[in-house]
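*Asks:* Each chain is listed here by its residues.
Protein chains: 2
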Amino acid sequence: MKYKVIFFDFDDTLGDRQTYSYQTFAELIDTYCPIDDLIQREAVLQDCMLWDMRGNYNKQFIVENLKKRYGIELPIKNFLIWWSDRQSKLALPKENVYHVLEELRQEGYRLCILTNGYEKYQKRKTKNIHVDTLVDKVITSQMVGVKKPDPRIFQEALSQMKARASEAVYVGDTFSNDIYGAYRTGIQPIWIRSLSWPGTAPVPRIEDLSELPAVIHGLEQGTIKKNV
Amino acid sequence: MKYKVIFFDFDDTLGDRQTYSYQTFAELIDTYCPIDDLIQREAVLQDCMLWDMRGNYNKQFIVENLKKRYGIELPIKNFLIWWSDRQSKLALPKENVYHVLEELRQEGYRLCILTNGYEKYQKRKTKNIHVDTLVDKVITSQMVGVKKPDPRIFQEALSQMKARASEAVYVGDTFSNDIYGAYRTGIQPIWIRSLSWPGTAPVPRIEDLSELPAVIHGLEQGTIKKNV
Chain A
1 MKYKVIFFDF DDTLGDRQTY SYQTFAELID TYCPIDDLIQ REAVLQDCML
51 WDMRGNYNKQ FIVENLKKRY GIELPIKNFL IWWSDRQSKL ALPKENVYHV
101 LEELRQEGYR LCILTNGYEK YQKRKTKNIH VDTLVDKVIT SQMVGVKKPD
151 PRIFQEALSQ MKARASEAVY VGDTFSNDIY GAYRTGIQPI WIRSLSWPGT
201 APVPRIEDLS ELPAVIHGLE QGTIKKNV
Chain B
1 MKYKVIFFDF DDTLGDRQTY SYQTFAELID TYCPIDDLIQ REAVLQDCML
51 WDMRGNYNKQ FIVENLKKRY GIELPIKNFL IWWSDRQSKL ALPKENVYHV
101 LEELRQEGYR LCILTNGYEK YQKRKTKNIH VDTLVDKVIT SQMVGVKKPD
151 PRIFQEALSQ MKARASEAVY VGDTFSNDIY GAYRTGIQPI WIRSLSWPGT
201 APVPRIEDLS ELPAVIHGLE QGTIKKNV
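Line by line, the protein sequences give chains A and B. Taken in order, the first sequence gives residues 1 to 228; the numbers are from the working numbering. Taken in order, the second sequence gives residues 1 to 228; the numbers are from the working numbering.
In isolation and in its complexed conformation, chain A is listed as follows (with noise of 0.2 angstroms):
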C-alpha cells in the first residue's frame, strides 16, 4: 500500500534549530547582559543550550536558570514570547530539505507539517526557510489547542489532511512527542536522530532527510517493519 500523506515535525526535522536556537541565545546575551570575554560568553550560551533541552521543556527554566547561576536577570515580561519571535527570524534548514520535499511531493505524497508552537512564529519559520511553498499545509498547536504528543492534534491533522491513520507517517526526531504521539494515534512512526546517545525501540530511524524516501518505500513495500 501507497502512503497518502507525510507529516513533518519542524524544528529539528526540517529546520537546524540547533543553530538558529545557539544564534538566538548569543542575541539574548548581547543584548541584555553583553559580556566581553568570550570564553566567559560561551559558558553562558553552552549553559543555555544544555537548559534549552532541544525546545522540550518550559523556556521559564532557562530565565531562572540564568538568574541562578550567573545572576543575569532578564528585563523581558514574557520569554517564551520574545523566544519565538526571535528565533522565528533566525530559521534555518537542515540540509537536504528541498530537494527531499520535491521529490515525495513529485512521486505524490501530499506534504504537512504538523508543530508544536505559536501560529504566528512557526509560520514565520516554514516561510523564511522557503518550506511554506513545499508543503501543502502547516498545522500548529495553538491552532488545534492541544500539543503533541495529544492524539487529539495527530486526529485534527488527518482530518484536515483527508486521510486515515494507516494512509500517513509521521517524520519527528523527540521520541516522546513526535514517535510516541504519532504511534499511539495509529500513525507510522519514522525517526529523525542525530543525538549522541543511544535508543533502542524498533521504529524506522534516519540519520538525515536523504534517507527518507527509501524508508517510505520500505515500509510500502513491507521490506521495513510497520509498527502500526
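Worth double-checking, as some hints may not be accurate.
[As the list claims (entries may be wrong)] Calculated pairs, DSS-like style, for lysine-lysine (alpha carbon to alpha carbon, straight line, at most 30 angstroms):
1. A:Lys147 to B:Lys67
2. B:Lys147 to A:Lys67
3. A:Lys137 to A:Lys162
4. A:Lys68 to B:Lys68
5. A:Lys68 to B:Lys77
6. B:Lys162 to B:Lys225
7. B:Lys68 to A:Lys147
8. B:Lys147 to A:Lys59
9. A:Lys67 to B:Lys67
10. B:Lys59 to B:Lys120
11. A:Lys162 to A:Lys120
12. B:Lys59 to A:Lys59
13. B:Lys89 to B:Lys123
14. B:Lys147 to A:Lys68
15. B:Lys68 to A:Lys59
16. B:Lys89 to B:Lys120
17. B:Lys67 to A:Lys59
18. A:Lys77 to A:Lys162
19. A:Lys59 to A:Lys127
20. A:Lys77 to B:Lys68
21. B:Lys59 to A:Lys67
22. B:Lys59 to A:Lys68
23. B:Lys59 to A:Lys147
24. B:Lys2 to A:Lys68
25. B:Lys226 to B:Lys2
26. B:Lys4 to B:Lys77
27. B:Lys162 to B:Lys147
28. B:Lys68 to A:Lys67
29. B:Lys123 to B:Lys68
[Stated by the list, open to error] Across the chosen pairs, the derived CB separations fall in these ranges:
30. A:Gln160 to B:Val146: 29 to 35 angstroms
31. A:Ala214 to B:Lys162: 54 to 60 angstroms
32. A:Glu220 to B:Val146: 55 to 61 angstroms
33. A:Asp30 to B:Lys137: 37 to 43 angstroms
34. B:Lys226 to A:Asp30: 23 to 29 angstroms
35. A:Gly222 to B:Ser196: 40 to 46 angstroms
36. A:His99 to B:Glu95: 29 to 35 angstroms
37. A:Phe61 to B:Gln142: 25 to 31 angstroms
38. B:Lys147 to A:His99: 45 to 51 angstroms
39. A:Asn96 to B:Gly145: 49 to 55 angstroms
40. B:Lys226 to A:Lys225: 51 to 57 angstroms
Quick caveat, the hints were computed from the structure, so don't treat them as lab data. All values reported here derive from a predicted model rather than from experimental measurement. Here a beta-carbon is modelled for each residue, glycine too, at the ideal position from N, C-alpha and C.
Dock chain B against the given chain A, drawing on the hints supplied.
*Replies:* Positioned in the frame of chain A, the structure of chain B alone reads:
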C-alpha cells in the same frame, strides 16, 4: 615550553557517559516501572536523557519530571546515590582512551582525572574501565569539598600534582564547568565536544581523544594559540 600535567574530566571525556547513562535509565525504568510497549518505554528513556542535561543538573529534576509527565513515582530515597551507584557499575570508555593515555604518559606527561562527584563512585568508574592504573591521580569534588567550576578545586589539583597553572592543560566536555573553570584558574583548556550545536569561543577543540596529543604539541610549539 612543555606542559607537565594533563588534567582530564571523566564523564563524556574519558567515559562514554551518554551510553552508560542511557543504560542506567533503562535499568531504572525496567526495575521500578517496567513498560511492555517498547515504543512507550523508549519515549520515557529519551525524555530522561533530555532532562539529564548530560549530567549538568540536579538529579531531583529527573525524579520530578518522571512523576509530572508520566505519573511514575520512584521508591528511591536518595536518587543521587542510587544513580551514582548504578551508573558507576555500567561505566564504559570512550574510543581511543587507552591508546591516548599511554601515548601521553610515554611522552612524560603526568596525568590526573579531576571530576565532580562522589569519591567512591567516580573511582569505581575509573577502575571499571581500567584507567585507574594509567593515570597518576584521581581527584573528586567530594574529596576537595568544592565542585568545578570553583577555582579552588583546580588550585587544589595543581597543588597535589605539584605544578603551576601555566604548566597544565585541562581536557573536558562541559564548557561552563571544565573550560571556563580551568581558564579562570589560568590553566589552558582543551574542549572535547560531540554536540550538534555550535560553539564560537576561540578555545582549542577536539572531537575525539585521538586528536589530543597533536593539540597539546601545537600549544607547546606555539602553532595553536593559547588562551591563558
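*Asks:* Please name the hints from earlier in the document that this structure breaks, with their numbers sorted from lowest to highest.
*Replies:* Result: hints 18, 24, 26, 29, 30, 35 break, sorted rising.
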